[in-house]
Structures are given as structure tokens and as C-alpha cells.
Amino acid sequence: MEEIERWYDTQYDEWERLERHRIEYDITRRYLDEYITGEQLRVLDIGGGPGRYSIDLAEQGHEVTLLDLSMRHLEVARTKAKERGVALKDYIHGNALDLSGVHGEFDVILLMGPLYHLVEEKDRKKAVEEALNRLKRGGLLVASFISNYAPLQDYLAQLRPFDSVDQLLDYLNHGVNQVAQGFTTAYFSGYPEARNLMASFGLTELIFAGVENILGSKEAEINELEEPEYQKWLEIGYRLSQDEFLIGTSQHFLYIGRKS
Numbered sequence: 001m002e003e004i005e006r007w008y009d010t011q012y013d014e015w016e017r018l019e020r021h022r023i024e025y026d027i028t029r030r031y032l033d034e035y036i037t038g039e040q041l042r043v044l045d046i047g048g049g050p051g052r053y054s055i056d057l058a059e060q061g062h063e064v065t066l067l068d069l070s071m072r073h074l075e076v077a078r079t080k081a082k083e084r085g086v087a088l089k090d091y092i093h094g095n096a097l098d099l100s101g102v103h104g105e106f107d108v109i110l111l112m113g114p115l116y117h118l119v120e121e122k123d124r125k126k127a128v129e130e131a132l133n134r135l136k137r138g139g140l141l142v143a144s145f146i147s148n149y150a151p152l153q154d155y156l157a158q159l160r161p162f163d164s165v166d167q168l169l170d171y172l173n174h175g176v177n178q179v180a181q182g183f184t185t186a187y188f189s190g191y192p193e194a195r196n197l198m199a200s201f202g203l204t205e206l207i208f209a210g211v212e213n214i215l216g217s218k219e220a221e222i223n224e225l226e227e228p229e230y231q232k233w234l235e236i237g238y239r240l241s242q243d244e245f246l247i248g249t250s251q252h253f254l255y256i257g258r259k260s
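Numbering of the sequence shown is given in full-length UniProt numbering, commencing with residue 1 and proceeding in unit increments.
If you're looking for bench data, these hints aren't it; they were derived computationally from the structure. Mixed in with the good hints there might be a few duds.
[Stated by the list, open to error] Calculated lysine-lysine pairs in the DSS-like style (CA-CA distance at most 27 Å, straight line):
#1 Lys89 with Lys126
#2 Lys89 with Lys259
#3 Lys125 with Lys232
#4 Lys259 with Lys126
#5 Lys125 with Lys136
#6 Lys89 with Lys136
#7 Lys232 with Lys122
#8 Lys136 with Lys122
#9 Lys232 with Lys136
#10 Lys126 with Lys136
#11 Lys218 with Lys232
With the hints as constraints, model all of the structure from the sequences given.
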């Protein structure tokens, strides 16, 4: 956890990442807007980084608490919220594996980050359990995963040179990313693995989507299109996001489920 915290505190700008990855952000936002309905809902954003989605939801009138491992992320979230004329309910420096400092129940919980930094399955299960313990009956849980096809998509998109075919394909076998391989400690999930994990908690699945699907390797070019053309491709990506033949090739998976 300390290594991951240092990475986000000193080496990585998550706010700008979502500026570059418009497709991921826009398709995710569309799903959130479709499923997070109602007024003045209590929302807990666990591992929400600098608060891109937290601030969006606060602008819609919801009461949002942001929890993140990175103090710098929380500072950025405060600044960005102020710039947008909103305030979050609370900013908590914490860990998805221990929510003892979070009180009350929530209508919606976002777990859109922690699950792809937890290498051990028991820790991924613990993070989901901690979230569900804070979620009201009938509430929504939104979870994200990085796909084990993401490294392939990254190299393909930029046609970056790489040393070994076997090493690149090996992400499909174990999913573990070490610091020496770039990024920080991470776990990249297979599609059936991620879906089965969430199904094991007795939630009612509402959607399981491959966010970028066929758009991933052309993201840079799509981002440069004029807005009407960009929106056409975004619509195609959204409509294909639940196509089971394409989900596995996405860089990110999005799960939304309801607590029974």
C-alpha cells in the first residue's frame, strides 16, 4: 500500500489521465447517469482518486464522501471541487481494506480503483465486503477492473517496441504487474474472473461492460475527431460495451450491481 500511495502522490496525475482517456470517462459517465437515479443520494467513492466522478455526482446534488489512499489526490479533489463550485461531504485519507473510519450507510458506493491494485484475491474480496458493509439494502455498487488485455492494448495503440512476446502475453495467465514493469503494483483481471468475483457476493448484476472495447487501440485518433464524429464513435463503443464477444478486449471493465 505504501508503494502505491507514493506512486500516486509523486509520479502520476490521475486527473489528467481521464482527460487523455475520454472514451473511458465518457462511457463510464453515461452508465453512472443511467443507473444512479434519485435525488440527494448518499454516495461513497472508495479509491476515487482526485474525485472526477465524485465531483460530477456532487454537481447533481448528491452528498458525496471521497476516500482515497493518496493525500495528493484528496488535495486535488478539494481544489477541483472548489473550482466547480461544489463541496464534497468529506475527504477521507483511507484504505479500501479498512473502512472502520467511515460511518453510516450509503445509497451508492463506487469501488472504481482499489480492485486493480490488490494482487491477492482475498484482498479483492475483502475490499468488496467492506464496501457492501456500508451499502444500504437495495443500494448500488459500482466496481471497476483493469482488463488483462490492457497491456496488449497499450502496446498496440502506440506500436511501442517490446522485448518478448511471451512476457507480454503472460499478463493473460497471471495478471500481476510489478513496479519494474512500469505503472505501479497492479492486478489485471480476466473477464470471467472479474464477473465471477462480483457474482459471488449475491448481488443482482445490472450491467457488466467492457468500457473501451473496439475503440481502445484507436483512442488517440478518435480523441482528435471533430465532436460530431467523436460522438458517433462513442455511441458505437457504448452499444458494443456489453457484447460478450468484445468485453474481454477492453482496457477496463465496469460492473454495476444491486444489493439484495
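Status of the hints after comparison with the structure:
1. Lys89 with Lys126: With a Cα-Cα distance of about 25 Å, the restraint between Lys89 and Lys126 holds, given a limit of 27 Å.
2. Lys89 with Lys259: Status holds; Cα separation ~23 Å.
3. Lys125 with Lys232: violated (37 Å)
4. Lys259 with Lys126: holds (16 Å)
5. Lys125 with Lys136: holds (18 Å)
6. Lys89 with Lys136: Holds. Lys89 to Lys136 sits at ~18 Å (cutoff 27 Å).
7. Lys232 with Lys122: violated (41 Å)
8. Lys136 with Lys122: Roughly 23 Å between the alpha carbons, so the hint for Lys136 and Lys122 holds.
9. Lys232 with Lys136: Violated, at about 37 Å.
10. Lys126 with Lys136: holds (18 Å)
11. Lys218 with Lys232: The given pair, whose Cα atoms are some 14 Å apart, holds under the 27 Å limit.
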